[in-house]
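These are the residues of each chain, in order.
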Amino acid sequence: MNLLEIKNITLLKEGRPILNNLSMEIWNGHVHAIIGPNGAGKSTLANTIMGLSGYRDFEGDIVFNGESLKGLSIDERARKGITLLFQEPARFEGLSVSQFILAGAKEKSQEIVEEALRQVGLVPENYMKRAVDKTLSGGERKRIELASIYAMKPRLVLMDEPDSGVDIDSVKYIFGIIKDLKQAGSTVILITHSPEVLKRADHAFLICAGTLVDKGEVSRMFDYFSGKCIPCPHKGQPDTDKIISNVSTFALN
Amino acid sequence: MAEQSIIDKDALIAELLASINQHKFAPDVAHIEIHGNEVLNRNLVDGLIVESQSLEDGVSVRIKVKRGVTIKNPVHFCFGLIPENGVQRIVINTVIEEGAHAQFIANCTFPNAINIQHLMNAEIELEKGASLSYFERHVHGPNGGVKIVPVTKVRLGEGARFSTEFELIKGAAGVIELDYAAEVEKDATVDMKTRIFGRLEDSIHIRESANLLGESSTGVLTSHIAIKDKASAIIENEIVANAPYARGHVDCKEIVQNEARARAIPIVQVNSHLAHVTHEAAIGSVDSKQLETLLSRGLTEDEATDLIIEGLLS
Numbered sequence: 047m048n049l050l051e052i053k054n055i056t057l058l059k060e061g062r063p064i065l066n067n068l069s070m071e072i073w074n075g076h077v078h079a080i081i082g083p084n085g086a087g088k089s090t091l092a093n094t095i096m097g098l099s100g101y102r103d104f105e106g107d108i109v110f111n112g113e114s115l116k117g118l119s120i121d122e123r124a125r126k127g128i129t130l131l132f133q134e135p136a137r138f139e140g141l142s143v144s145q146f147i148l149a150g151a152k153e154k155s156q157e158i159v160e161e162a163l164r165q166v167g168l169v170p171e172n173y174m175k176r177a178v179d180k181t182l183s184g185g186e187r188k189r190i191e192l193a194s195i196y197a198m199k200p201r202l203v204l205m206d207e208p209d210s211g212v213d214i215d216s217v218k219y220i221f222g223i224i225k226d227l228k229q230a231g232s233t234v235i236l237i238t239h240s241p242e243v244l245k246r247a248d249h250a251f252l253i254c255a256g257t258l259v260d261k262g263e264v265s266r267m268f269d270y271f272s273g274k275c276i277p278c279p280h281k282g283q284p285d286t287d288k289i290i291s292n293v294s295t296f297a298l299n
Numbered sequence: 324m325a326e327q328s329i330i331d332k333d334a335l336i337a338e339l340l341a342s343i344n345q346h347k348f349a350p351d352v353a354h355i356e357i358h359g360n361e362v363l364n365r366n367l368v369d370g371l372i373v374e375s376q377s378l379e380d381g382v383s384v385r386i387k388v389k390r391g392v393t394i395k396n397p398v399h400f401c402f403g404l405i406p407e408n409g410v411q412r413i414v415i416n417t418v419i420e421e422g423a424h425a426q427f428i429a430n431c432t433f434p435n436a437i438n439i440q441h442l443m444n445a446e447i448e449l450e451k452g453a454s455l456s457y458f459e460r461h462v463h464g465p466n467g468g469v470k471i472v473p474v475t476k477v478r479l480g481e482g483a484r485f486s487t488e489f490e491l492i493k494g495a496a497g498v499i500e501l502d503y504a505a506e507v508e509k510d511a512t513v514d515m516k517t518r519i520f521g522r523l524e525d526s527i528h529i530r531e532s533a534n535l536l537g538e539s540s541t542g543v544l545t546s547h548i549a550i551k552d553k554a555s556a557i558i559e560n561e562i563v564a565n566a567p568y569a570r571g572h573v574d575c576k577e578i579v580q581n582e583a584r585a586r587a588i589p590i591v592q593v594n595s596h597l598a599h600v601t602h603e604a605a606i607g608s609v610d611s612k613q614l615e616t617l618l619s620r621g622l623t624e625d626e627a628t629d630l631i632i633e634g635l636l637s
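Residue numbers (my numbering), protein chains in the order written: chain W, 47 to 299; chain A, 324 to 637.
Treat each hint with caution, since some may be false.
Claimed, not checked - As a list, the in silico DMTMM-like pairs of lysine to aspartate or glutamate whose alpha-carbon atoms are at most 20 Å apart:
id, chain 1, residue 1, chain 2, residue 2
1, W, LYS180, A, ASP574
2, W, LYS154, A, ASP625
3, W, LYS126, A, GLU624
4, W, LYS175, A, GLU633
5, A, LYS612, W, GLU139
6, A, LYS612, W, ASP179
7, A, LYS576, W, GLU139
8, A, LYS493, A, GLU603
9, W, LYS152, A, ASP574
10, A, LYS516, W, GLU139
11, W, LYS126, W, GLU113
12, W, LYS126, A, ASP625
13, A, LYS612, W, GLU122
14, A, LYS612, W, GLU134
15, W, LYS152, A, GLU624
16, W, LYS152, A, GLU626
17, A, LYS576, W, GLU113
18, W, LYS126, A, GLU626
19, W, LYS154, A, GLU626
20, W, LYS116, A, GLU624
21, W, LYS180, A, GLU603
22, W, LYS154, A, GLU633
23, A, LYS576, A, GLU500
24, W, LYS245, W, ASP213
25, W, LYS180, A, GLU633
26, W, LYS154, A, ASP629
27, A, LYS516, W, ASP179
28, W, LYS180, A, ASP610
Unchecked claim - A few chain W positions that, by computed beta-carbon distances, are all more than 10 Å from chain A:
id, residue
29, GLY150
30, GLU160
31, PHE221
Note that these hints are calculated values from the structure, not bench results. This one's a predicted model, so the numbers in the text were calculated from it and none came from an experiment. Where a beta carbon is used, it is the ideal one built from N, C-alpha and C, also for glycine.
Use the sequences and the hints to build the structure in full.
Laid out in structure tokens, this is it:
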């Protein structure tokens, strides 16, 4: 069963199509990965599904649980069960970790804050009263963001590069949360460049230049990735080559 | 008649303290309650000397913490006026003698204000190696009608430390004209913070300055202001570093909503090539990244904005 349907969406930025007649079906209760080179439109797609400012004006439709999301604000989408893990989490001067997690938590209790922090490998006593500000490292901030999403118990989580800025030891907690969310019935969409993150998905989509190039089982996506890019302005750029190389290396291993 | 007066006094103390949510102090906590031009009550501890004198429209207070004494618990001051109208002028002269340490908490309460003026003139001297932490919280009624004019001059001797926080978050701010100035000698540190929420037609003018005179002296001036409706705020923070290795930082953040208006004027001046002063100022609407993060957790825009402001002013 589809939880989310992306129906022929086209989104322009400065007259250029960032998403170009893109269609996808996201199965309920699965972990999906969206891969593709820099500038392919992966983060744009996540932002469009969430309805962020600057990403609401598009052609086509996005249907969540049978209802169109068109015209809905971010918070209305969130209250339907959609949330986004930002690639670069915001910092909140003066707001405690506990307040931040509770703000979106489904169940407003101290116990859920503690549980959420433990799930991401942070000792609650050391973090609950700390401010979500620049005194936290990027990795800590990311894990607190994930703890907040865990406490929210969403139906659909968009994770934009969940492992970026997180040290190798801590990545296991990110993967743990992805597994926990799936077990709890959430659907997860991973936007990633990382083969390690891609391994956590059940299913993957390859997009390039805002267009769906391929979709299928993760293992097959590795095999086909390097040969599937379509002609686009990004092809041949250093980032693109690096990504293709990374993913191909992983696939060969 | 005398008995009636005592009852009135007790009731006034109770009402003042209730308005700041403070009902009783432990015996070893120094506290002073001043209503209008009358010291209603006080409890002192060893090493703390407080002398007061009634003025026509207020009270003059001399405070001294004796050399080498550390006052264990914060000293609580409660200044206020229960009536709707009136003037309260507080003249304070404070000396923290060499090597002495204290914390003062001042609550200024005007819960029924319609037309109240609270004028504070303070001179604070911290001798060598002394420290004072001064926290001032204002509690106003919902309708404004208060004019607050705190003028404070602080002199910090060698190695002294002074930190102050001015908080006005509950109730309407009314008119605030805050002016704090510090002169900072060698190895001394001053840290001034203001946190104010302005609403309706509140008018807020903050002037804070630190003159870093001595080698390795430091100063941090922080103003976090949120204003909405038709409130206005002007923040002038100035640090002048005159000596080698003096260090200073000015941090001004203002969140502006509705038809409110804000202006920030950070001034940093360095008169020694070995000194260093920095500043950051951010004025405007709520940060969109913060807002979108909270919206994506299901908070409404109003809930998210309130939470961001609560954090900024916490």
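What's the verdict on LYS180 (chain W) and GLU603 (chain A), does the C-alpha distance respect the 20 Å limit or exceed it? 14 Å, holds
Take a quick look at whether LYS180 (chain W) and ASP574 (chain A) sit within 20 Å of each other, Cα to Cα. 14 Å, holds
Please verify whether LYS576 (chain A) and GLU113 (chain W) have alpha carbons no more than 20 Å apart. Not satisfied, since the Cα-Cα distance of roughly 41 Å exceeds 20 Å.
Between LYS116 (chain W) and GLU624 (chain A), does the CA-CA distance stay at or below 20 Å? Roughly 18 Å between the alpha carbons, so the hint for LYS116 (chain W) and GLU624 (chain A) holds.
Given the hinted pair LYS612 (chain A) and GLU134 (chain W), is their alpha-carbon gap at most 20 Å? 9 Å, holds
Next pair to validate is LYS493 (chain A) with GLU603 (chain A); report whether the Cα-Cα distance is within 20 Å. 26 Å, violated
For the pair we were handed, LYS612 (chain A) and GLU122 (chain W), check the Cα-Cα distance against 20 Å. 17 Å, holds
Pairwise hint evaluation, GLU624 (chain A) against LYS126 (chain W), where the allowed Cα distance is 20 Å at most: 16 Å, holds
Closest CB-CB distance from PHE221 (chain W) to chain A, is it above 10 Å? 22 Å, holds
For a C-alpha distance cap of 20 Å, please report whether LYS126 (chain W) and GLU626 (chain A) respect it. 17 Å, holds
Given the proposed pairing of LYS516 (chain A) with ASP179 (chain W), does the C-alpha separation stay at or below 20 Å? 18 Å, holds
Below or equal to 20 Å on CA atoms is what counts here, so check LYS126 (chain W) against ASP625 (chain A). 18 Å, holds
When the structure is compared with the earlier hints, violations turn up for hints 8, 9, 17 and 29 and for no others.
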